[in-house]
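Engineer: The whole structure should be built from the sequences, with the hints applied where relevant.
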Amino acid sequence: MNENPADLAPELCVLIAAVLGLVGGLFLPRERQWRVAVVCAAGLAAGLAAAGAAAARTDLAVFDAFMVDPITHVTRIAVLGATLGVLALAAGQVRGHPRESEHYVLILLSALGTVVLGAASDLLVLVAAYLLASIPAYALAGFGKDAPGTEAALKYYLMSALLGVFMLAGVTVLSGVGRGTAYPALRAGLAGAPPAAVAAGTVALLAGLLFKAGAVPGHFWVPDVTEGAPPAIAAFVTTVPKIGAFAALYRFGAEALPPGTSWPALVAVVAAATMTLGNLAAFGQDNVRRLLAYSTVGQAGFLLVPVAMAGRTDLAEPALLYYVPAYAVTNLGAFAVVLARGRDGLAGYAGLMRGSPLLGLSLVVCLLGFVGTPPTAVFVGKVLMLGAALDGGYAWLAAVAAVNTVASVFYYLRWIVPLFRGADGRPRPARGASAVAVAAALFTLALGIGSGLALTT
Amino acid sequence: MLTVAIFLPAAAAVALPAVPRRAVPWTWIAVALAEVALVTWMWVSHGTGAGTSYETSTRWIPSVGAGYHVGVDGLSLPLLALTAVLFAACAVYSLRQARRPRAFAVLFLFLETVCLGLFAALDLLLFFVFFDLSIVGMYFVILLWGHGDRSRSALKFFLYTFLGSLVLLLGFIGLYLGADPNTFDMVELTRDPPLHGGPAGLTLLAVGIGLGIKTPVVPFHTWLPPAHTDAPAAGSAILAGVMLKMGAYGFVRIAMPMLPDAWRRYALVVLIVGLVGVLYGALVALAQDDVKRLVAYTSVNHMGYVVLALGAAGYASGDAAARRLAVTGAVTQMVSHGLITGALFLLCGVLYDRAGSYGLGRFGGIAGRAPAFAGLTAVAAFASLGLPGLSGFIAEFQIFAGTIGSGTAAAAVAGALAITGILITAALFLRVLHRAVLGPPGELTGRVTDVRRPELAALLPLLLLSLLIGVAPRGLLDTIEPLSAAVTALVGR
Amino acid sequence: MIRLAGPAVDGLSAVLLVTLAAVLAAVLLFAAGERYGARFHGLMLLFAAAMAVTVTATDLLMLLMGWEVMGAMSYALIAYVWPDADRVRSAGVAFLTTRAADMGLYAAAGFALAGAGSLRLDALARADGPWRDLVAAGIVVSALGKSAQLPFSFWLARAMAGPSPVSALLHSATMVAAGAYLLMRVHPLLAATGWAEALVSWAGAATALVLGAVALAQRDLKQLLAASTCSQIGFMVLGAGAGSVSGGTAQLVAHAAVKSLLFLCAGAWLSALGTERLDGLRGAARRHRVAGAAFGAGALALAGVPPLSLWVTKDAVLAGLPAGLLAVGLAASVLSAAYAAKALFAVFRPAEGAAVRVPVLGQVPLVVLAVASGVLGVLGLPAVAGAWNRMLGAPDGGGADARLLVLSGALAVVAVAAVGAARRVPAPAWAAEWLYLERAAVAVVVRPAFAAARALARFDDRIVDGAVRGVARGGRRAAGLTGRRAEIRVDGAVSAIGRAARGLGALARYPQTGQVHVYFAQAAVVLAVLVAVALLAG
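Line by line, the protein sequences give chains A, B and C. Heads up: the first sequence begins at 1 in the numbering used here, then just goes up one per residue. Heads up: the second sequence begins at 1 in the numbering used here, then just goes up one per residue. Heads up: the third sequence begins at 1 in the numbering used here, then just goes up one per residue.
Rather than coming from a laboratory, the hints here were simulated on the basis of the structure. Here the structure is a predicted model, which means the values were calculated and not measured. Do not take every clue at face value.
Claimed, not checked - Which bits of chain B does chain A cover? Going by a derived footprint, with three or more residues having C-beta under 8 Å, they are: (1) 55 to 64; (2) 156 to 166; (3) 169 to 175; (4) 255 to 267.
Glycine included, every Cβ here is placed at the ideal spot set by N, Cα and C.
Structural biologist: Quick look at the structure:
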């Protein structure tokens, strides 16, 4: 064991920034609370730097309940990077809000919980991380205190509560029959446990994680929250917690379960159901936020494919680790355009290409990126994902994923087509959000073209 | 050098927004002509030898064995040249493009990079990248500059061909997983075909459907007519002239050398699919009253010849020289069809530009109002129906002779039946000539004015090249033949 | 790989080249008087080049190239007056019919490659097994098509829509004779198969006889000449089948001179009198001395009246034939004499009318061709025949048989006299309508093909594309379904929440609004299903 607290530097940076922000927010006058944002951003940037440095090292640090391995590295970088983007989006939205600093701090805390979720290698830490990641998010969802926001927060909370209870039950069952909570111990213990109990426990545990991931059956909150919550928060909850959730799911499948369980079949079914449901439900949406919500559900289905293949093929891990950040960047970019444009209806995007070509191009890149058009990042992720499915012996899942990808083209194009129509008579888009959108679009392209570099490290 | 040639148009596309508005078309034409020069130079220096020239290989995603690996050989050079020529023709043709000329040029330059890249790619993933991007690019061309029910046609085109591309990707991944060590590199996959038995069959099915949708083979062709009908003329020319070749090219470049035993096992299927494409495409084209749809269906017919020949090449028991001839014919047909159909679609564009209709019954006697247009149409039509002295004959004769000459009963029967295709094509092109170009004037004939100078400058080179290939095909055939010998040998392994 | 074997000239090719050049010169000279445009001359010259390629080709590829270009030029020249829809349609019929037959040549090339590994014409006879028969079949079909033999003859009737000089060059003297040339060229192959010789002989003989009857029934001079062309070429085909290459070639050369002469005369009258109908041409020969005399010489030669050319050459073909073929051949000769006489008497019958003007440039070729029609019979004379045979590489000893010469000469004279005396020639409808061949082709091939095309187009639209559209529709419908199910989002519930959102009480009531518990239920059901999946899969 190599327990060096310095290996936790990224998490510590975020935590310190959150605490500083909380304390600072108490003393700063309302009009100067933007400084909290700067502090939080600095904390995230520092954490990102530390995470980058940690990822560049080759030795693995292992705490009892907290793995510092490639999965964690990627989770950290993706979460912190995405949170930084969300912060930039949120800063423009809540500027001057009475509880501005709390807003930033809640985001940071939720992000912290997400990182821990992805790194946890112990069921109890997993539960704690789940709560840490979730609770600030409820508050954030209802931050606007308007009717849709309240409804969203409530639904979010209620779903989380139910599925969280299932998860706790699952943890109890698994730790009971597996005689332990740490993943290595579980792996050994579960091998001899009654399969029915393992199956029930696994499904129950999955319930919570699938809720965080926004996958069937825990996806009901996604459209409501995405539509009801403030847009920046919608971007946050559909991006960041998912990163941790997929990492946790993968880690559980690969490290806690003994080989030969029903895990692949189980997750494959969930994946197929999620992608199909998400994509089909997105067809008729005229509200871009709802459309994006269902698109994130669909994408969650694709992301579950490497999770299902955990331990079955060497491609599963790179697929997941590549797809997750690719998805995060793309999703963030799309939401940034929504924020910049400030419109929810598809019709509100008419003429965007002429009015603000850069923003329009960014949206096109992000949406085509979701489809998996090369050379965006999601393309590489999708290739790896399909490769993992085929290599893992789940050709049908690959076929389902391919068909779903084609289906998804339909609704993404529904959004792209109006961009080119008519003249633009609308006000200039918000500058900060536009910058985030353009950056995200460029980044998905860079991540796609430079994928060799990203995959080797 | 090759990389420069591939990415020069893209670079120009990026720089184009900075070019003053009036200089946009001329910049585009200059870049397109520079491409023609570059490709010609590469062809000349490659000569007619076997092997790959201008090979460049850089690591791209080394962890999955994908790289930026490009090179040119006897198969890619003719198609690269075709691409460069057709794009140059489209650039000249679009000199008077009125609607968003800058974006149009940017998109076409981007497409040119994509098409050149595809024909030069020696890595499956790279191939796929370009394959997919071509769909996206053409989607926007149809969506933004098309006419009629364009958004619907564009959507159908995107969804259908995108489905094909994903199936193709599954096939590629199958190849990748089958190789040891795992790689997407075409050269290595060709050197050591990875799959045998059942998995090879499945992979061939995936690759075949993926490429078949693009080619297109019956019954995966129904995206083609609406896409062509509603696309702008230059878009149709590129779509039919260059992009359909991607499918056929993929068969020769990927499916045959990398899955030889599956190809041999299912040669009969390929043969029949090709034959059905020939006859079905020709017959359905015969019944069309919309000129552009008609030309679109003749593409199905002409690409059917290619598939037929490649199927015949899969009969390892057949005569090797004849099978080489069939492959050479197939590649020649790709080039020839690109030139001729490109010209035909540009001519359709002229018609639509003047009269706003493609209806065969609404014209007549155009030869009186537009003699040059009529002459060009007649030459293009006769080229397309395979008149000797023009490129179509050289291609189709080799295909028939090679297919029948391979000496196996199935190939001989299929080849003999496919010959009916040239009669039906003759009938349908004469029908076009009779109803639109010759005879007494029709309802819309008064609106048709003769071809303008840019249009003529775009069309003439295409037809002259067709004539050149038809009269002196040796230069082209000498380039292709080492390649077809190699492919035939690879399939025969 | 295929390398073109270069062109080569041997005796047969040389004869054809000279014939081609001579007729071309004559026809162009004549046409110069009629002021045709650049397009006409360009196409005529292209045709001549293609014909030259055809007769000098040493392999099937070259041959096919020339062959097909000839067909295309024939199309373009028939449709020379393009605004006339009828002429254009006729050109289409002619082109498509010959191209249908040309498919045989395409196939033959493939079969030759399979059987002999070579496309060289002199290698075809050595092809193995069934391939040799297939090659022969393909070549025979396309030769019969090009030469307008039965059952393809009707296209030549359509070809008469072209200008007369075109008919004179392409559709009488040269292009249509190319089929006979090809059969003579590949005679060793026909001999090697064992069946092709008989088939070709009988096809030629039957055409000579039946189309002779057709010619006799025509009321239009050009139609009569066209049918007579089919019939006369039937003799050449008969010669090719029977192995009489020298006789067939002599017939070809003599016929070229005779028929181009007759067509040029018809053209001169057409441009002067505006009609080709025999009753309209009444007395035409008397209105211009040179044209009339030339036509007279040509028609008598066509009739096989001694000592003019076709009398000798036809008998050279017929000499040495088995009795059946000989009888048919003689019957055909009688018919030739009859229809030639019919034309002759029609134009020489006295009638009122102004003199006809024929340009001087147009008169020269008429005279030259008339002389040639008269004297080309020397090719069959024993003295010349030896040299002729040697040049063509044919075995010595052919040439006309003296008894046959006497017999056929007598028959011709009698037939001419009979027609002159009868003044009315029977013209049954089947013969006047060219045996209804075109109608049959339309009914058997064209209509079914178009019906199939339309049916397939509908099938393509409704079934093939319909399936695609159906999948898309299905996808959308499924999407509608999931959209509804996943969004049990009752409007009333939303507005109720909106109203009540301020108080905790409202929040407390919220779960009862009928939506979250539905979500819960759904989640629970799905989880239960998942447990089942896990158990089954485990």
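Engineer: Now look at each hint and say whether the structure bears it out.
Structural biologist: Do the hints match the structure? See the list:
no. : hint       : verdict
1   : 55 to 64   : holds (count 6)
2   : 156 to 166 : holds (count 5)
3   : 169 to 175 : holds (count 4)
4   : 255 to 267 : violated (count 0)
Hint check: a violation occurs at hint 4 only; the rest are consistent with the structure.
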